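Line by line, the protein sequences give chains A and B.
Our numbering numbers the first residue of the first sequence as 1 and each following residue consecutively.
Our numbering numbers the first residue of the second sequence as 1 and each following residue consecutively.
Don't read these hints as lab results, they were simulated from the structure.
Take the hints with a grain of salt, since some may be wrong.
Where chains are identical, the list cannot tell them apart; a pair therefore holds if satisfied intra-copy or between any two copies.
What the hints assert, rightly or not - 25 Å max Cα-Cα, derived BS3-like pairs, lysine-lysine:
(1) K66 - K199
(2) K547 - K297
(3) K295 - K21
(4) K468 - K431
Keep in mind it's a predicted model, so treat the numbers as computed, not measured.
The primary structure of each chain is shown beneath.
2 protein chains.
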Amino acid sequence: MKRYLSLLVALASGLFAFGQKTFSLQSPDGALRLDVANEATGQLRYSLTYKNKPVLLPGTLGITLKEPNVNLSLFRITANTTSTHDASWQPVWGEWASIRDRHYELRLGLEDLGDQHLRVDVVFRLFNEGLGFRYEFPAQAALQHFVVASENTQFHLAGDHNAFWIPGDFDSNEYPYHRTRLSAVDAWADSTHSEIGVKSIIGKDYVQTPLMLKSDDGLYINIHEAALVNYPAMDLAVNKSNNTLQSVLVPDAVGNAAYLQAPAHTPWRTIIVSDKATEVLASTKMILNLNEPTKLKSTAFIRPQKFVGVWWEMHVGKSSWDYAATQSASTLVAHGHHGANTPNVKRYIDFAAKHGIPGVLVEGWNVGWEDWYGKWKENVFDFVTPYPDFNVKELQAYAKKKGVKLIMHHETSGSVTNYERWMDTAYRFMKQHGYDAVKTGYVGRIIPRGEHHDGQWMVNHYVRVAEKTGRYGIMVDMHEPTRPTGLHRTYPNWLASEAARGNEFNAWSVGNPPAHETILPFTRLMGGPMDYTPGIFEIKMSAYDPKKKEQVHTTLAKQLALYVTMYSPLQMAADLPENYEKHLDAFQFIKDVPTDWDDTRYLAAEPGEYLLVARKAKGRNAWFLGAISNEKPRSVEADLSFLGPGAYIATIYRDADDAHWQNNPKAYKIETMTVTSATKLPLKLAAGGGCAISIVPKSKK
Amino acid sequence: MKRYLSLLVALASGLFAFGQKTFSLQSPDGALRLDVANEATGQLRYSLTYKNKPVLLPGTLGITLKEPNVNLSLFRITANTTSTHDASWQPVWGEWASIRDRHYELRLGLEDLGDQHLRVDVVFRLFNEGLGFRYEFPAQAALQHFVVASENTQFHLAGDHNAFWIPGDFDSNEYPYHRTRLSAVDAWADSTHSEIGVKSIIGKDYVQTPLMLKSDDGLYINIHEAALVNYPAMDLAVNKSNNTLQSVLVPDAVGNAAYLQAPAHTPWRTIIVSDKATEVLASTKMILNLNEPTKLKSTAFIRPQKFVGVWWEMHVGKSSWDYAATQSASTLVAHGHHGANTPNVKRYIDFAAKHGIPGVLVEGWNVGWEDWYGKWKENVFDFVTPYPDFNVKELQAYAKKKGVKLIMHHETSGSVTNYERWMDTAYRFMKQHGYDAVKTGYVGRIIPRGEHHDGQWMVNHYVRVAEKTGRYGIMVDMHEPTRPTGLHRTYPNWLASEAARGNEFNAWSVGNPPAHETILPFTRLMGGPMDYTPGIFEIKMSAYDPKKKEQVHTTLAKQLALYVTMYSPLQMAADLPENYEKHLDAFQFIKDVPTDWDDTRYLAAEPGEYLLVARKAKGRNAWFLGAISNEKPRSVEADLSFLGPGAYIATIYRDADDAHWQNNPKAYKIETMTVTSATKLPLKLAAGGGCAISIVPKSKK
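Extracted from the complex, chain A is given alone in its bound form:
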């Protein structure tokens, strides 16, 4: 590739005005251009343009260490190297069967101008999708073990963009999204969200990543990070006077950011840019390309899958996780509405078996739920002791007979020291009892006390769980971890995370506004799959209790569409079996929709407005479309030109003409029609509505 490089990379290493040295790099398609300037003072600044429009104005780079006490901000450039990379790889599962990693790299070797002459490399990788860069600390005598106090990376935006943001917070990402100019960010407004277990909002002018931006000149910009390992998550401080975002690292219990040992590096800081919103959605590839290949010795045990579970019935108040009186663990006297009882679990197993759903999650199976929440209690669960009405062996045999796998549940209640003590024992227990997937949870203040969900210690914990479950041949789905950063490439047994405001909030809070699911793919999902738990058919909670006002903020058809629009290899059919049985025609889409794909086409999208995506089923000629709208009704056209030759049968699950998320959410229509690659399907989406379509070759039908 060397000969192409010379054409593509304009490299200027001469002296410029005031002794400034500059380096430039263009993306493979030439649309993006990175400039890095080492000013005469030693300050390092980088900027980015897309098709000659400014994306990032010059912003500083630097890191402040605490031990040794050095502010790495002024540098001398000692080396610069460029290289190119173009290769494809096949994910174990994903939106595409193959992913191309094509980028140009600029590596600057820096020497701190301070007394200790510490060496740092800054590595930039420019893709067609955007820019990734990170700091690297080579092995060196003067820097072995060290403590990071702060990272001084700036993202200097070219304007006061429209932003899709949630508060910068050390513990929670379960907020609904705001849609304001950056200058109007006010994170304190979210302090009222009492439905969120643990909030640690940093301050008024802080947001978290993935941050989605749209400029007035039509650029879509996404700022996030990739490969968050052994480092705290990054929040962003908004400087409203100059449109600058600055990295804020989540501190540990004593106020430090990270403990590193050279050679070491930070995660990649990522800026995805396009003038098409659909291209941003497809740029999750870039995040994946910045992650390491899988570290698992075997991936044979990994199976993307759908599941049902003893779960939503607790959210709607039909049953409870705890077996005895809530909030008092003194005695285990059954109160009689414990969800995870053997006959009830069998009912779910029967339902799953009947409808070809491979997994059954059971929450509340293990002792400890009486006082698990909000006490900062350390020894909450032991992960191996079932409640007396949950017969582990009987259910193991029953599930096996029915060809269904039970999915384990490990709620830690944030007591991670306790979970870490039990992990090996708990995973052995799982393997002994036929479980090969676990849903973990981190609801509550973290123990070790003083640590945060998003700090280095917890980041390392999540990776440890992924590694260890991987070694045991266990798939994992984490709830309440920090936001994903593409680590599912490295640990493909880490199928999904929640790490955002999931569907469950609709059951018992103000819920998720209709726009929510049109924003999540541009924010939370940039880093990896989400276990959003779609598929709620009984939209209004008044069905369970006339006094309840809560409801899911979508139509039923939109719930179906989410199986396509919210990419995940792990998808729950979250509603109760009895609710599905009332609508088996609509449930057919959930039965049919795959969880793994050969190809994905984002056909139309606008964050906060709508999304239309088509995906081709893994290993077969069948396509599935999902279209969703925010609170507005709208029409979108699905151009089916991606279809292969021949005729197909499309089954369209759409909002009825009078459907409306609030007034008439359960009104849907199912229609079938013959389509070809020439078809342009007009889709009508209700307010808060959606449409799901399965397309299979006519001959196969």
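Fit chain B to the supplied structure of chain A, relying on the hints for placement.
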């Protein structure tokens, strides 16, 4: 006992002046008297007298909670009950074959005068040896999970006593003792002890327990705590203006003291009093009586024992723990002076087998020592990966053939989160490879970061280690834990702890002054056995390197005496085999001295001055005496009236006439003589000297 109680307990529950209610209790022998007054304001104060001399003037009781936010200081007494207890129990091992627990108890039921009417019991137990009391929180609707901010227990002394103290410190107890009036306490003076790994001195006017006091009117007073479980250790703030000590609880990472769930209780606060110093030493019985009986299902695996080890050779600089270059873990290139290599370990096994020493400790056997210290590094050791020159299986077979047990070493470097992840795996590894005892270590800043060695989280960790090793059938010896509080009754597999300034400090620091070992039995050892590692024959470090000035601050004979004066069921013969081989006549005492006893008689003692103790070997008619002096030469007389009938052979290992800890430490004499119960042996102790005596029936010899 009820009928005696009425005679012995003066219980006054009527109204006194200003509405004060008072309660009194006397010790079984009548020497001690406790008075508790509930003042009209609600304030609760207690006082203590011994033979009508004031021990404690009225001091307040109370606890401040953070969640709920309640200061429990003013109470209404809702109930008072007295009871008596008299029973004996047999420890698995100890200084006595049987221990009598005779005490009178006063339980006051209190109701907080605040809004929430929280209920607390204060329970006093008065023994002939002293007083123990604790706070108990009964189960109650208004108090389930709660957070303790501080404990406001006062020990209001009757004067400015002479004190044997070390600084109040959240992390270390490895200080040499000060001997000053309480009014002269200055803990900052100890901030210069750079040889101590982690110091967290609280402030100038803080000391830690066990605190030994001597009043001008001849009372010996010892303040400590018993049964420290699920609570932080207690330090003491010295109010010099009124001779009051106030409890200071070690905080956690966020500044809280303890997280409790009712029913709960604090440890016992203990005040041991006597007009005889020797009685204080025998009052460890009271500490044990305030601890719970053993929780182990089996104690059959527990064996008091002596051991040698690959250990002192690292302290004297002959070899190292690490295998590769110190402080750089990048490569494992052997530097050639790694102590824990297979041939060297075999040499220790040979020596142990030859001399009937059951155990061989090996430190530095496992990978990680290159950068283990001072980095606050989390993943330091894995406890299962040996260095390439340490052959686990070969040594297992060799030790077995020789009838010797290897003792495992688990240095955590303070990274306790890491150790807790590995504990099960490490203990299984031990059992698979023939180890049934482990020495643990906690050198370094604690991880979870922000926690302290003496905080609740670590206190729970130590207990967890004791419990878990107990379940695995493993004996444990903890170095750098918090100070013991008699928990070896509950976990008799917890044979010993270091938790004070051990003999090792003599190898590489200013060391331990000659008085040190005359103070430890009155302070550190009140809570439990210490792994002091006596038996150093090569007193001066110049033997290893002429440039070295460090030395053990005793004579060789005193090193022998320590096996008797420093009670422990686990005693190291700490010196190198080659040093013992030069003095096999003296080494004979180490071979002979037992580690378990049927009886113990403290014959003469004065803290900081001297100690003479006689102990009867477990299950046989043999006695062993130890006598030690501080820096002064002195004579003590050993009255052998404890001997049974008949003649005995006494073998006396004494300082030579010209011996002196500094000038002539290795000069010793060994003499034998016939003794009977009528014998009064005059013993001459050199400056920093000592004397060890074995006494066996003449017929047996």
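In rising order, the numbers of the hints this structure does not comply with: As far as the earlier hints go, 2, 3 are violated by this structure, in ascending order.
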